[in-house]
Amino acid sequence: MEDMKEIIRNYVIKEYVEHDTVIGFDTPLISGGIVDSFSMVSLKRFLENKYKISIPDDKATPEAFDSVNKIVNLVNEIIK
Amino acid sequence: MAYSDKTRGMYSEILTGVKEAGLYKQERYIHSAQAADIEVEFPTGASIKKVINICSNNYLGLSSHPEVVKAAHAGLDSHGYGMSSVRFICGTQDIHRQLENMVTKFLGTEDTILFPSCMDANAGVFEAVLTKDDVMISDRLVHASIVDGIRLCSATHDTFKHSDMEHLEEKLQLHNDKRLKMVITDGVFSMDGDTAKLDEMVALCEKYDALLFVDDSHASGFIGKTGRGTHEKCGVMGKIDIITTTFGKGLGGASGGCVSGRKELVEMCRQKARPYLFSNTIAPPIIAGVIKVLEILSASTDRRDKLEKNTDFWRKGLIDAGLIIKEGDTPIVPLMLFNAKLSQNFSRDLYDEGIYAIGFFFPVVPQGQARIRTQISAGHEKHHLEKALDAFRKVGRKYEILGKTKQEIIDRYGM
Chain A
98 MEDMKEIIRN
108 YVIKEYVEHD
118 TVIGFDTPLI
128 SGGIVDSFSM
138 VSLKRFLENK
148 YKISIPDDKA
158 TPEAFDSVNK
168 IVNLVNEIIK
Chain B
291 MAYSDKTRGM
301 YSEILTGVKE
311 AGLYKQERYI
321 HSAQAADIEV
331 EFPTGASIKK
341 VINICSNNYL
351 GLSSHPEVVK
361 AAHAGLDSHG
371 YGMSSVRFIC
381 GTQDIHRQLE
391 NMVTKFLGTE
401 DTILFPSCMD
411 ANAGVFEAVL
421 TKDDVMISDR
431 LVHASIVDGI
441 RLCSATHDTF
451 KHSDMEHLEE
461 KLQLHNDKRL
471 KMVITDGVFS
481 MDGDTAKLDE
491 MVALCEKYDA
501 LLFVDDSHAS
511 GFIGKTGRGT
521 HEKCGVMGKI
531 DIITTTFGKG
541 LGGASGGCVS
551 GRKELVEMCR
561 QKARPYLFSN
571 TIAPPIIAGV
581 IKVLEILSAS
591 TDRRDKLEKN
601 TDFWRKGLID
611 AGLIIKEGDT
621 PIVPLMLFNA
631 KLSQNFSRDL
641 YDEGIYAIGF
651 FFPVVPQGQA
661 RIRTQISAGH
671 EKHHLEKALD
681 AFRKVGRKYE
691 ILGKTKQEII
701 DRYGM
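Listed in order, the protein sequences are those of chains A and B. Under the working numbering, think of the first position of the first sequence as 98, with each following residue one higher. Under the working numbering, think of the first position of the second sequence as 291, with each following residue one higher.
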């Protein structure tokens, strides 16, 4: 679980953070303006490739992708 | 009446919130034609003040050029005031097609279609040529009109970090399974004044079989040795699949825009682009004016050469004064102040000194990146720029930022 959190957080930092913004597990990513909703597709494809899942479009919402913890919950829900 | 007190109150509250957040945009009334010297009423009701304008997109000084004005008058006389039609019903005159052919030749493309504005061109082009099986990969700092166009298109959308070619290549690999890939960028970025790396982007697009789209609104007419645009500067004329640009900046400053590029893509716009299909044709006097602009620019590079010299003088002057500017070589020269309030105060004091330049701050630019965006014109004479430099030095001295580093300015004024 912690591994998944760290992996996702590290991806978010590498992919989206260009300044010194600190990303916590509950930091609002989309509503906080860190991840542009346009750029969510990379994150979705990263999760699908990494965890061998398919995230349906109706689940890949800005709300579900709004923090590392929420993303982890979404991935775990689909893996089950 | 459905517009109840409750509804009015709701909107009033929203507008009050915008004002309290310091984001309220106030128009300043200009009582003269657009030029280096303008007459401004600000605030509303104040007496008219003569100031030097260093914040317009009038890069080539053609907005009020006598030959352009004369040509627009002649177009009004010969072709009328308006066409009362969209292009494909009864709104296409000989001069509309003449201008499309002239733009094609000027930009070195295959064909061109006019739009009422470049905002409309960008709003219509993506959905006209792409489908849900395709992907658009855009620079994260592209203009708002491109963002809106992307929103209207069913293709998948992804972004790459600003001008980061390594990141762009990763994205091209990630989306290599798509039917079509389109890389999207501005030629010159409007807030920072930097130029896209079109030579590297062309190479990547050739490697990954992707289309390349460039909005050259802040470049057409003056970037490149003969002013053809960013593709000329980067040595990739003929290799850009779609160029959009405006006639509302360097190319006369009135209105109108276009999509220019591969003939099939232009034809797709003519058949499917909704802002083209459902809005009025550009008015005849404006078409006549832009034709004259292209004649002037095709006959001589004098104006873009003067703009280049003015830009060099201005950039060097600000640096020598000890001010911090964004590096580059375009006529968009941002003076970095970092703090929003400082940018507002600086702009106000410049106005008192007879210089008209506007402060930009979050959310127009990223937090902590507040600035005064200056824009140089071929319409500026040396005395305009010298007077403006004197004012920048005086105001800079007042706020004690001359010779200071970014960190020293932030330490004093905050982000």
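These are calculated hints, taken from the structure and not from any lab test. Keep in mind that the hints are not guaranteed to be accurate.
Only part of the chain B face toward chain A is listed, based on derived beta-carbon distances under 7 Å [what the hints assert, rightly or not]: (1) Thr446; (2) Thr449; (3) Ser453; (4) Glu456.
Simulated pairs of lysine-lysine, PhoX-like, Cα-Cα distance not exceeding 25 Å [claimed, not checked]: (5) B:Lys616 <-> A:Lys141; (6) B:Lys684 <-> B:Lys694; (7) B:Lys340 <-> B:Lys694; (8) A:Lys102 <-> A:Lys149; (9) B:Lys468 <-> A:Lys149; (10) A:Lys156 <-> B:Lys694; (11) A:Lys147 <-> B:Lys422; (12) A:Lys111 <-> B:Lys468; (13) B:Lys468 <-> B:Lys395; (14) B:Lys468 <-> A:Lys156; (15) A:Lys111 <-> B:Lys684; (16) A:Lys102 <-> A:Lys177; (17) A:Lys167 <-> A:Lys111; (18) A:Lys147 <-> B:Lys688; (19) B:Lys468 <-> B:Lys616; (20) B:Lys309 <-> B:Lys296; (21) B:Lys529 <-> B:Lys497; (22) B:Lys487 <-> A:Lys111; (23) B:Lys340 <-> A:Lys149; (24) B:Lys694 <-> B:Lys677; (25) B:Lys497 <-> B:Lys487; (26) B:Lys562 <-> A:Lys141; (27) A:Lys147 <-> B:Lys468; (28) B:Lys596 <-> B:Lys616; (29) B:Lys422 <-> B:Lys395; (30) B:Lys422 <-> A:Lys141; (31) A:Lys102 <-> B:Lys451.
We treat Cβ as the ideally placed atom computed from N, Cα and C, and that holds for glycine.
To see whether the hints hold, each was checked on the structure:
Taken as an interface hint, Thr446 of chain B checks out: its beta carbon lies about 6 Å from the nearest beta carbon of chain A, inside 7 Å. Taking 7 Å as the C-beta cut-off, the interface hint given for Thr449 of chain B holds, the closest approach to chain A being about 5 Å. For Ser453 of chain B, the interface hint is violated, since its Cβ never comes within 7 Å of a Cβ in chain A; the closest pair sits about 12 Å apart. A least Cβ separation of about 12 Å between Glu456 of chain B and chain A goes past the 7 Å threshold, and the interface hint is therefore violated.
Of the pairs offered as hints, the one joining Lys616 of chain B and Lys141 of chain A is violated, with about 35 Å between alpha carbons and a cut-off of 25 Å exceeded. Using a Cα cut-off of 25 Å, the hinted pair Lys684 of chain B and Lys694 of chain B holds, with the two alpha carbons roughly 15 Å apart. A distance of roughly 31 Å separates the Cα atoms of Lys340 of chain B and Lys694 of chain B; the hinted pair therefore is violated under the 25 Å criterion. Note on Lys102 of chain A and Lys149 of chain A: the hinted pairing holds, with a Cα-Cα distance of about 16 Å set against a maximum of 25 Å.
Distance restraint check for Lys468 of chain B and Lys149 of chain A: the Cα-Cα separation of roughly 19 Å lies within the 25 Å cut-off, and the hinted pair is therefore satisfied. Taking the CA atoms of Lys156 of chain A and Lys694 of chain B, the gap is about 50 Å. The hint is violated against a cut of 25 Å. A distance of roughly 24 Å separates the Cα atoms of Lys147 of chain A and Lys422 of chain B; the hinted pair therefore holds under the 25 Å criterion. Of the pairs offered as hints, the one joining Lys111 of chain A and Lys468 of chain B holds, with about 24 Å between alpha carbons and a cut-off of 25 Å not exceeded.
Under the criterion of a C-alpha separation no larger than 25 Å, the hint pairing Lys468 of chain B with Lys395 of chain B is inconsistent with the structure, at around 33 Å. Distance check on the hinted pair: Lys468 of chain B and Lys156 of chain A sit about 22 Å apart at the alpha-carbon level, within 25 Å; holds. Restraint check for Lys111 of chain A and Lys684 of chain B: not satisfied, since their Cα atoms lie roughly 43 Å apart, outside the 25 Å limit. With a CA separation close to 17 Å, the supplied pair Lys102 of chain A and Lys177 of chain A stays within the 25 Å bound.
Proximity of Lys167 of chain A to Lys111 of chain A is assessed by CA-CA distance (about 19 Å); at most 25 Å being required, the pair is judged to hold. A hinted pair counts as satisfied when its Cα atoms are at most 25 Å apart, and Lys147 of chain A with Lys688 of chain B does not qualify at roughly 56 Å. Between the alpha carbons of Lys468 of chain B and Lys616 of chain B the distance comes to roughly 37 Å, so the proposed pair goes past 25 Å and is violated. For the suggested pair Lys309 of chain B and Lys296 of chain B, the alpha carbons sit about 20 Å apart, so the restraint of at most 25 Å is met.
For the hint linking Lys529 of chain B to Lys497 of chain B, the alpha-carbon distance of about 13 Å falls within 25 Å, and the restraint holds. Annotation: proposed proximity of Lys487 of chain B to Lys111 of chain A holds, straight-line Cα distance about 22 Å (limit 25 Å). With a CA separation close to 66 Å, the supplied pair Lys340 of chain B and Lys149 of chain A exceeds the 25 Å bound. Between Lys694 of chain B and Lys677 of chain B the alpha-carbon distance is near 22 Å, which keeps this suggested pair within the 25 Å criterion.
Distance restraint check for Lys497 of chain B and Lys487 of chain B: the Cα-Cα separation of roughly 16 Å lies within the 25 Å cut-off, and the hinted pair is therefore satisfied. The hinted pair formed by Lys562 of chain B and Lys141 of chain A fails the criterion: a straight-line CA distance of about 31 Å is larger than 25 Å. The hinted pair formed by Lys147 of chain A and Lys468 of chain B meets the criterion: a straight-line CA distance of about 20 Å does not exceed 25 Å. Distance check on the hinted pair: Lys596 of chain B and Lys616 of chain B sit about 21 Å apart at the alpha-carbon level, within 25 Å; holds.
The straight-line distance between the Cα atoms of Lys422 of chain B and Lys395 of chain B is roughly 33 Å, outside the 25 Å bound, and the hint therefore fails. This hinted pair checks out: Lys422 of chain B and Lys141 of chain A have alpha carbons roughly 17 Å apart, not beyond 25 Å. Note on Lys102 of chain A and Lys451 of chain B: the hinted pairing holds, with a Cα-Cα distance of about 23 Å set against a maximum of 25 Å.
Against the hints set out earlier in the document, violations occur for numbers 3, 4, 5, 7, 10, 13, 15, 18, 19, 23, 26, 29.
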